[in-house]
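Student: So the chains spell out like this:
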Amino acid sequence: MKTEQITQNQLMLFFILYYYSTLVGFAASQLIYLSQYDSVLVIYISGIAGVILAYFVIKLATRRPNEFFVHYGSEILPKWIHIPIMVFFFVSFLQISGIILREYEDFIVQTYLPRTPNWAVGCMFGMVVAVTARLGFENLFRIAQGLFYLVILGNIGNAIFIGKELQWDRWIAFVTNHSGQGIFIGSFQTVPTFGEVVILLFIFPYLTQKHKTLKSIMWATFFSALFIGQNIIWLLLLFGPNLSSHLTYPMIEMIRYIRIADFIQNLDHLLISIWATMVFLKVTVFFTISVQILAHLFHLKDHRPLTFSLAAVMVALSINTASGTAELTSFLYQAWAAFLYFLEFIPFLYLLVDTIKQSNKKNKIGNKLKT
Amino acid sequence: MILIIIGFLIIFGYEWTYLKSKKRKKRTYWIVFGIIGASFIYCLSTVLFEHMPSPSDMIQFLFEPIQQKILG
Amino acid sequence: MSFFSKLKGLQQTQKENKKVFLGADFDVRMEWFKETFQQSIDVTFHELTANQTRCGIVFLQCMVDQQTFDEQVLKYIVSPHFASSPSELIHKILDLQAISTMCTTILSDMEEAAEYILDGKIIVFFEGDSRMIAFPLTSFEKRTGSETTNENVIRGPREAFLEDIHTNVTMVRRRIKSPALKMEQLVIGKYTKTKVIISYIEGLCRDDLIAEVKQRINRIKIDGVLASSYIEECIDDRPLSPFPQSQKTERPDVAAAALLEGRVVIFVDGDPIPLIAPVNFYMFLQAAEDYYQRYFLTSFIRLLRYGWLIVSLTFPSFYIAITTFHPEMIPTSLLLSVAASRENVPFPSIVEALLMELAFEGLREAGIRTPKAVGQAIGILGAIIIGQAAVQAGIVSAIMVIIVSITGIASFVIPGYDLGFSVRLLRFPLMFLAGTFGIFGLMIGVILIYIHVVSLRSFGMPYLSPTAPLRTSDLKDIFIRAPWWKMQRRPSFSGSNDRSRSNIEKSIIGEDED
Amino acid sequence: MKKLKWLIVLCPCFLTGCWSQFELNERAFVSGIYVDKAANGKMEISLSFSLPNRLVPSDLGGAGTTGKPYSLQTATGKTFTEAYKKIQATLTRNISWGHTRIIIISEEMAREGIRGILEFVLREPNLNINQTLLIAPGKAKDIEELTPIFERFPTSIPISFAQRKVTVNATPKEFLETTSGDMIVGLLSKKTIKMLSEGGKEGLFVSPGEMALFHNYKMVGKVDTEVGRGAFWLRNLIKGAEVTIKAPADQQLISLLVTDAHTKIRPSKKEPFTFNVGIKAEGNISESQSNMTLTNENQIAQLEHEAEKQIRNRIKATLKASQEVKADVFQFSEYLSWHKPKIWKMVKKDWPESYHEKVKMNVQVDLHIKRLGAENNSFWEKEKSL
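Residue numbers (the UniProt record's numbering), protein chains in the order written: chain A, 1 to 371; chain B, 1 to 72; chain C, 1 to 514; chain D, 1 to 386.
The reader is advised that the hints may include incorrect statements.
If you anchor each label on the Cβ, the simulated ranges turn out as follows [claimed, not checked]: (1) Asp260/D with Phe161/A: 19 to 25 Å; (2) Val374/C with Gly67/D: 46 to 52 Å; (3) Ile66/B with Phe347/C: 54 to 60 Å; (4) Lys358/D with Leu349/A: 58 to 64 Å; (5) Thr208/A with Gly240/D: 55 to 61 Å; (6) Gly13/B with Val351/C: 27 to 33 Å; (7) Asn363/A with Arg457/C: 48 to 54 Å; (8) Gly37/B with Gly460/C: 34 to 40 Å; (9) Gly460/C with Phe161/A: 38 to 44 Å; (10) Gly37/B with Pro114/A: 53 to 59 Å; (11) Glu145/D with Ser333/C: 19 to 25 Å; (12) Phe161/A with Ile149/D: 31 to 37 Å; (13) Leu349/A with Ile343/D: 21 to 27 Å; (14) Leu226/C with Pro114/A: 52 to 58 Å.
The hints are simulated quantities; they were obtained by calculation from the structure and are not laboratory data. The structure presented is a predicted model; accordingly, all values stated were derived computationally and were not measured. Note that beta-carbon positions come from the ideal geometry of N, C-alpha and C, so glycine has one too.
Bound-form chain A, shown alone (with noise of 0.2 Å):
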């Protein structure tokens, strides 16, 4: 397989949307309601959590620079711990791509396409990360490099076009306003989506550049809390934290108060649009992992024959996950952090295992050297 396709550009580039899609798509409304003003401060505190964990990752990661985690990692762990963890792995980010994809049937259907079945969109849109699965990562991070223009000249425009709306007076309240208890339950919720930096490990083969790797992170994870910042200061300065936190998708009735001349109105179709695009490369990143480490544990040459009926199931994993829309909301509150938290802080535990059994080594050569 070929290795070392993917620039560190792309790579940033590829992460400021990582970050950027859901968060400013699904969870604003969770984490004013959460955090209120603070939410800014949440955001930027996620993503010096995520970058942290991105040093970790990174650093168990360059130990074995050109090797799939799926292979070494039985070298640190016994393999009868290793497999089991895989398999959490691949079900964990097959599920993970399943909830992302229900968020965002839900969405499209509640907004744009009432009266179309669930079913029927994630089809649609599973066929089409099933067939970028199957062109591998390389394409994926260029796609990413071409959307991001697209992304960033869609968000500049309406930064620029809600302007006039907002109620700059409320701009005080972001320094006076603070709770400890917001940040606290903000930050907790929040944390794991910058955490999920974690990938990092499985594509780590495919960079360019490796010792680079942190300082893209960094830069990333920068931007894109700028962006998502922006986008968050932008909603509570035009609704407050009262009636963002009551909408379902505050983003969209943001989109939708654009009014250029009175003429163009109601833009939040291209804009969504261009926004589900970022939505479905996070889709089409954790679903390409999950297969590549299925196709890893079976040790088979490429991980293509498995993309289309492994797609079939993240489609019917996002509709067999929740019956509903409370249903789904509740677990998301109520359990989800708490599993990525576990997910996230599993290379923790191969970083240190790796580290001891290599302290020992050394004691043990140094050992032999004296004698």
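Starting from the known structure of chain A, arrange chains B, C and D on it as the hints suggest.
Tutor: Coordinates of chains B, C and D only, in the frame set by chain A:
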């Protein structure tokens, strides 16, 4: 349900031609079709049994108490 | 599968072509020629005796310049002053080749001689020597007076390639007078024996690219090559893709520019349109004129083309999506006029759009195929009478006619005809998707196309090359055209180590300003 | 890849024609919503539809323009949805909310409370929350009967009031933003006049009028046009409006056109319940009946001073009116919560009371007259001096 069967038949045929054109080992065929079969059964059962437990139920069962404890 | 087995069969028959040596006997060889070219009325066999030696002359009557042969060759051979004995004659002609400055070939394989005859050469052989001499006096009726018909420019050269490969090569050679410009010839086609010339500039072109092109062309085993498209389809990276993976041009200046960028030009005998490879998506949106006009204008027009490209791909599907799914996107006053014009239309808008698009494609095709005199009438009939009548009869809405016309015009704005065609084709699946899922479906379709284009490669070069993967230094000639004094480096796909292309010192502010 | 493409092409073929698709001629576009009170605690919903089938040009087989291109459908129900579903049942086309630009609520209904209406507006995904919200005296649906002289649809008229800022433009969004549901909303006024354009027939004429004060999503009072002007200043809507003041010297009227104005509200640093309102405005003189010398710098300064005083009084009057009904329509509570969250937390519970009793305002107006128009002093003034 018919759609699922048709869909999986198409997937099966497509992967078959793919594996054939790439001249893969017999083991690969077994693994790939095993996975296709398993996903077929899963997809079918989600349609047949509406309230089938999903991984999310498991996650909720395991992690909800933990999160409740942390957040107090 | 059956295609490949055919190819294998071809390979075997070609291997059977053995060499035939018949020795020095005159009659045996003459008989062989006559047998080989049995029932071929256009082959002329001529026997004469010059200086007591029997000479045989075989050639294709209509493909050689007989007059020159008589004046330059025959006159000397027959003249008694030329040689005093048969052996001297043979020695003078075959060993010293002392009769003309033409680049003659000496050969003794009969099969080869037959091939030479078919290529338009005159074969002369003598009693008592097994060797034969071939005079390259090929001459046939050619089209002359070439002027561009498809890639027109207002400013810039008007010359266009012709069918004859040697003329074409000369046109390029006249523009690039450097020994680094290489022309390598291959012969493809079991029966047609078509000459294919691969030209490139040594040092600018990547070596592996040249090797790859040669290898791919050599792989082709086919009965005949009548046009460059035969080769194009056989050397594409992804033959199933709707997107063109090599560029076609009828302009020698475009070919020369491609060579200077380090690309390979493949000429095919008999086709005035050579292939250029590798190519990226953006090259289809660049016209020759872009480089002849001032860069401000060019940049503006290029941006315009990108806009029209998007229009031509998505306009009808966008219309379908917003009218059937998201009417809230249209401003109220516009919506009312659209709704009013659709009020009496009996079809759903997707059917209406398909109907009109297909009608438009039909009209376009009819316009191209019909004799020129009738073509114009069809244009008028189609555009004015049918459109008007259809609207008045209430079969289609006036808005839809506008949409289809705009889309049609948009597809003609794209300079690369191939790309225009694939875009026109991709419009239809997009219309279906938009008709089923609205903007969401349209988005899915566009993402699919985008993914496909991203994953495409043309001779190893990514199809969206300077943008994904990003190469900032190459962006100067993509969305805009930077002035020449700003484009000082060659595009990065050129294999040269020294990438500096020009060194023009130019400051934007005039020097004598102070 | 090829097979896949066919799959994608074929897939929609199976599916076309279902689900969310409605052609334009299967939709009924709602242009305005009128809400009235009906008996037994029900509400009466009237939807104004635009009828594109009456707009077809006659050369395309249209019926010509015999009827009006709009219609009004009315139904009653306990909830909004119940009522509009009743309308839907009588229609051949599907109700499409996307082009609704205005909601007009009758005064009676507004006094009852508009929470239910706002709830529907917010929950329905296709309804924006930035429509114009207006209150009508009497029956709201009567507004539809007005004769649109310049426009094609009657709903365009009240929308234009809000857009041109001749009445306070309150949107559901602004209502929903507040914590308490206190808001000032424009009231329309109805009158029957002779319409010259309609051949002298009598017709309904609607104009912007007083303003309604809301507390807790219920209308609790009104302020008249004169007092209401203060609301324009406080809500930053005054730009482009006219201000008529009395000249300091001879008490004659002078009209100013406000070209630029900006209002800033801040709670004062020392006293939490006193708000500093800083207004910066620029204006041109549009008419002067006074004899004062407008070219004189001192005179203009005096005039500015006088104007500032009058504006200050208007604003204070408006505030007083709102304080009387305990409706914090200018969201002073919001400013307090932004600037002094701690104090806000303490008074949050009984804010209407505190608003009624404690809130005071320091108004600082800085008006600057920039241009005098095409004439400097009034023309008779010059003759005298000659």
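Student: Now tell me if each hint is right for this structure.
Tutor: Evaluation of the provided hints:
no.: 1; hint: Asp260/D with Phe161/A: 19 to 25 Å; in the structure: holds (22 Å)
no.: 2; hint: Val374/C with Gly67/D: 46 to 52 Å; in the structure: holds (48 Å)
no.: 3; hint: Ile66/B with Phe347/C: 54 to 60 Å; in the structure: holds (59 Å)
no.: 4; hint: Lys358/D with Leu349/A: 58 to 64 Å; in the structure: holds (60 Å)
no.: 5; hint: Thr208/A with Gly240/D: 55 to 61 Å; in the structure: holds (59 Å)
no.: 6; hint: Gly13/B with Val351/C: 27 to 33 Å; in the structure: holds (31 Å)
no.: 7; hint: Asn363/A with Arg457/C: 48 to 54 Å; in the structure: holds (51 Å)
no.: 8; hint: Gly37/B with Gly460/C: 34 to 40 Å; in the structure: holds (38 Å)
no.: 9; hint: Gly460/C with Phe161/A: 38 to 44 Å; in the structure: holds (43 Å)
no.: 10; hint: Gly37/B with Pro114/A: 53 to 59 Å; in the structure: violated (36 Å)
no.: 11; hint: Glu145/D with Ser333/C: 19 to 25 Å; in the structure: holds (22 Å)
no.: 12; hint: Phe161/A with Ile149/D: 31 to 37 Å; in the structure: holds (33 Å)
no.: 13; hint: Leu349/A with Ile343/D: 21 to 27 Å; in the structure: violated (50 Å)
no.: 14; hint: Leu226/C with Pro114/A: 52 to 58 Å; in the structure: holds (56 Å)
Consistency with the previously given hints fails for numbers 10, 13, ordered from lowest to highest.
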